[in-house]
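A.B. asks: As a plain string of letters, each chain reads:
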Amino acid sequence: MSLSPNLRIDFPALDQHVGGKPLVYLDNGATTQKPRSVIDAVARFYERDNSNVHRGLHALSMRATDGYEAARTRAATFINAAHPSEIVFTRGTTESINLVAQSWGPANLRPGDIILATEMEHHSNLVPWQQLALRTGATLKYVPVTGNDAELGLDPDALDKLLTPQVKLFAFTHLSNTLGILTDAAALCAKARAVGAVTVIDAAQSIGHEPIDVQVIGCDFLAFSGHKMAGPTGIGVLYGRRQLLNTMPPYQTGGGMVNAVTYEGATWKPSPERFEAGTPNVADAIGLHAAFDYLDQLGRPAIAAHDFALGERACAALSELPGIRILGPKPGQPRGGLVSFAFADVHAHDVVTFADQDGVALRGGHHCNQPLMRKLGLSSTTRASFYVYNTPEEIDVLVKSMRRILKFFAG
Amino acid sequence: MSLSPNLRIDFPALDQHVGGKPLVYLDNGATTQKPRSVIDAVARFYERDNSNVHRGLHALSMRATDGYEAARTRAATFINAAHPSEIVFTRGTTESINLVAQSWGPANLRPGDIILATEMEHHSNLVPWQQLALRTGATLKYVPVTGNDAELGLDPDALDKLLTPQVKLFAFTHLSNTLGILTDAAALCAKARAVGAVTVIDAAQSIGHEPIDVQVIGCDFLAFSGHKMAGPTGIGVLYGRRQLLNTMPPYQTGGGMVNAVTYEGATWKPSPERFEAGTPNVADAIGLHAAFDYLDQLGRPAIAAHDFALGERACAALSELPGIRILGPKPGQPRGGLVSFAFADVHAHDVVTFADQDGVALRGGHHCNQPLMRKLGLSSTTRASFYVYNTPEEIDVLVKSMRRILKFFAG
Amino acid sequence: MSDLTDLYQSVILDHNKRPRNRGKPPIANRVATGDNPSCGDNCTVYLHLTDEGRVDAIGFEGSGCAISQASTSLMTTQVKGKTAAEAEALFNEFKQIVTSGQAPEEISDLAAFAGVHAFPARIKCATLGWHAALEALKQPPSV
Amino acid sequence: MSDLTDLYQSVILDHNKRPRNRGKPPIANRVATGDNPSCGDNCTVYLHLTDEGRVDAIGFEGSGCAISQASTSLMTTQVKGKTAAEAEALFNEFKQIVTSGQAPEEISDLAAFAGVHAFPARIKCATLGWHAALEALKQPPSV
Ligand SMILES: Cc1ncc(COP(=O)(O)O)c(C=O)c1O
Ligand SMILES: Cc1ncc(COP(=O)(O)O)c(C=O)c1O
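Residue numbers (the numbering used here), protein chains in the order written: chain A, 1 to 411; chain B, 412 to 822; chain C, 823 to 965; chain D, 966 to 1108.
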């Protein structure tokens, strides 16, 4: 049940040199590479079936509609949604979360209500709630992140105190893009449900890595992006429970989401059409379908195990470097395949620029998590994030590159 | 300066049979086919440069950022925008218009203000203004469409009466997707400017067909979709004058569009980043770049002349059919390459289903223009819409198919 | 062309050209309108339900494609004389036919619509009039 | 590795390791902070402007990458003794160097930053301290 190293040949972009060195792509938290089957699915759509969807009655239009709706059905099975109409296609996680904030939000929140998030949210699962609080008079609170550098986690006692019946919405990440912490989504949703709060899960980092069953998790909304799970850019999903979606006002308006229109007003279709105004991103939905297939063919438990093993290995190897701070959960705790670290004397931007010359692609910065960085007393970290095609040998290359950098700046 | 018939080989999807007949694709108003160069640009991005943009410092990320920003600059030159920061990438026309309605709208409209549209707007340039009027207490009015079936046009006297200083926003289509009428955008913008109204042009149908210079037209906003101009699905543009964009509040919020974020609040980057929350649709922006290049290589004046000629030819040939109503501008008047018609005794859906069996792809319905249909006393029309690869011979096939349908239902 | 003659069977063409029970019947105590806004099609069904709960008069108005016109026309001929429950059972059979393309032996004219299943976008055309009729049967007495 | 030694020239490494004028100077009557929120970098420049309008004391605080630290350190050595107009002229030359990669002969240490032009994302690191200094020069007297 482990991944075959041969799968690297499925990803054309991996087969290149950077600065004369073989590419070691460790920026998967930002976006993953795409297998040939995804690239081809998009091209094939344009070569054979390209047409607008829904309103067409000719052959190409019926094929395009079938392809687009099959992608929706496939997304539903991928996360075990109860029905395809619970899948709304968006541009990505950020738009999915904004959709909830702009549609569900004002219709359901009043002054005095509480929106709960956590201190480790990505800006995309934080700023929309700040804006919603401003708009509705609700208050935004955060579950604190506590612990030492390499033993960080959500504070369970604080969570229990914060989760009062005033909380109408609880938004949290399934997998922190900065810390690699994997939250217990089912347990958090159960607690939220007990006080009647609606739950929004940011699954941007977990969707391509962990098995996800929305019915087991018991969430109300779940957001993810295709490009972080071997799929195309420009496509993502908002999962929402059908009963909720069908009570929500529209988000964007225009062609395709309306029932009857007069010069005076309009009525809306049910979900998912209600939330998909205009021509959708048909080709990339079809590309996303191929990505779902690819990942399920590898097997998500195997992917999760692979990522976890690389994450633990990288933590262990990096921890031997002088002056390093590694941020994340305790060794052995649930974690994703990423590791965030900082050196005392070398800034993350210099680290990334140097590593690039060794062919190693890393990310340095605040990872769209400025407030958490500030809380941890850092302005930035370097992040190595792994995916199905990464190997233990690549971690050796990473560590060697880090040693060289430390030497250069010490020299 | 006319188009080469050889260009058909650039479009892989044209080379197929439908129902045993060669495909005659006349549904370009819904979406156009894509040339090989566009399909390849998207694939090549995934094969070589795929990475997230903006925040990355490694080689792939810098290449992806360069490619994405080059697409923006290319979009600016394509419509002669004064600066690349006037180009915001969106999912398409519908999202571009919603962006203006949701960001510019509430910040600038008060009860008593008037939003002016026309009676021939697509739902995507109509319903967002209805919603904005509801939200702000402004009133939405429409410039009437007058004239007989084949002599339709905006009523110039009514326009002058309606365009009072209370009008804060004037939204109109550059090319009607139902009637084929090409409006005089520069003249309309001049009139609007004279009363201080901000202008929004729906260029969905014109962008791939007509030369467009936003500085000559003098509009404030202009919206279009890539997929209707030989580009990918899932990408479009909102052009906005820089002074306006930089005074507008954000639209969606999240990663990439913020400056400083604390747990308490956030500040925004200037345009275009302000309006592009989350990971953008990088691959399709790069595909759109290839589409701009392809169209400019053909030459937009040549494309416009080609489309106009096919439109006139189709009108003339179809007008000989018994019981046909052709809707559109007077022969010889500015028009796009599309023709909308209705038969007394055969419904548009039956026409489209039949034509499909002859390999002819048409669109039948209200074309997202329900109120106009009602005004014209129709529930639907059949539309044939042309593009660079269509030929006079294909119009003959269309007419022959229509004759066969009339005969079948008369028989 | 085989597909098309499957879709536009002679029964359908006949009902389309010469719709039965077109117009409001002289007596009617139930009415409902079905709308297919995304097609622009609509259909109003009028009917008279006797004290015993049987349809003894039925008629329709509205516009739509050949499929919707013919199916509504045929529906009126089939629903006449039926109770609400019988009409609903008939509709379920009809829905089965247009979605599966399979028609049981004993079903006569309704089987003409089996060809619709190859054109999923047209299924709602075929069911428009039926929906209006069932809706009318649920209405309180009026007119 | 040629690119990298172009970027991290010895002048830069030296200023990064041993920044000049780090900290608040004993006398100062102008202060401004430059922020690069998307990097998390920041830089506060303190300076003293004489009645004749010359900078006679300057210092900086803040954190950032080697490029921003070294460029701010070098900036302080260059701006000292200059008027606001002269400092601005110098910054324009510096900006020219980091965006074009070309340095005129007579320019000494600033030329070390020519390698930055190959790393467009790092240009804002190189100019962070300069922006803070120019901003400080525009402030009304304080402290
Ligand atoms: C005139 C007009 N405006 C707006 C649109 C909406 O464009 P999109 O569906 O790409 O958002 C269309 C096409 O459907 C159109 O023809
Ligand atoms: C945890 C998390 N949430 C949200 C996002 C936003 O995703 P996107 O940029 O695809 O909208 C990201 C990635 O950037 C992420 O890592």
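A couple of the hints might just be wrong.
Derived lysine-lysine pairs resembling PhoX-like cross-links, with alpha carbons at most 20 angstroms apart [as the list claims (entries may be wrong)]:
id, chain 1, residue 1, chain 2, residue 2
1, D, Lys1089, D, Lys1047
2, D, Lys1089, B, Lys680
3, D, Lys1060, D, Lys1089
4, B, Lys552, B, Lys602
5, D, Lys982, A, Lys407
6, D, Lys1045, D, Lys1060
7, B, Lys818, B, Lys786
8, A, Lys269, A, Lys330
9, C, Lys946, A, Lys269
10, B, Lys818, C, Lys839
11, C, Lys960, C, Lys904
12, D, Lys1060, D, Lys989
Derived by calculation from the structure, the hints in this document are not laboratory data.
A.B. asks: All the hints need checking, so say for each whether the structure fits it.
C.D. replies: Outcome of the hint check:
1. Of the supplied pair hints, the one linking lysine 1089 of chain D and lysine 1047 of chain D is violated, its CA atoms being roughly 23 angstroms apart against a limit of 20 angstroms.
2. Straight-line distance between C-alpha atoms of lysine 1089 of chain D and lysine 680 of chain B comes to about 15 angstroms, which keeps the hinted pair within the 20 angstroms bound.
3. Simply put, lysine 1060 of chain D and lysine 1089 of chain D have alpha-carbon atoms about 10 angstroms apart, close enough for the 20 angstroms limit, and the pair holds.
4. About 16 angstroms separates the Cα atoms of lysine 552 of chain B and lysine 602 of chain B, which keeps this hinted pair within 20 angstroms; it holds.
5. Our distance criterion of 20 angstroms between C-alpha atoms is met by lysine 982 of chain D and lysine 407 of chain A, whose separation comes to about 13 angstroms.
6. For the hint linking lysine 1045 of chain D to lysine 1060 of chain D, the alpha-carbon distance of about 18 angstroms falls within 20 angstroms, and the restraint holds.
7. Pair hint lysine 818 of chain B plus lysine 786 of chain B does not hold up; C-alpha atoms about 29 angstroms apart against a cutoff of 20 angstroms.
8. Of the supplied pair hints, the one linking lysine 269 of chain A and lysine 330 of chain A is violated, its CA atoms being roughly 48 angstroms apart against a limit of 20 angstroms.
9. As the CA atoms of lysine 946 of chain C and lysine 269 of chain A are separated by approximately 15 angstroms, the hinted pair is consistent with the 20 angstroms bound.
10. Between the alpha carbons of lysine 818 of chain B and lysine 839 of chain C the distance comes to roughly 13 angstroms, so the proposed pair stays at or under 20 angstroms and holds.
11. Proposed proximity of lysine 960 of chain C and lysine 904 of chain C is supported: the alpha carbons are some 14 angstroms apart, at most 20 angstroms.
12. Pair hint lysine 1060 of chain D plus lysine 989 of chain D does not hold up; C-alpha atoms about 26 angstroms apart against a cutoff of 20 angstroms.
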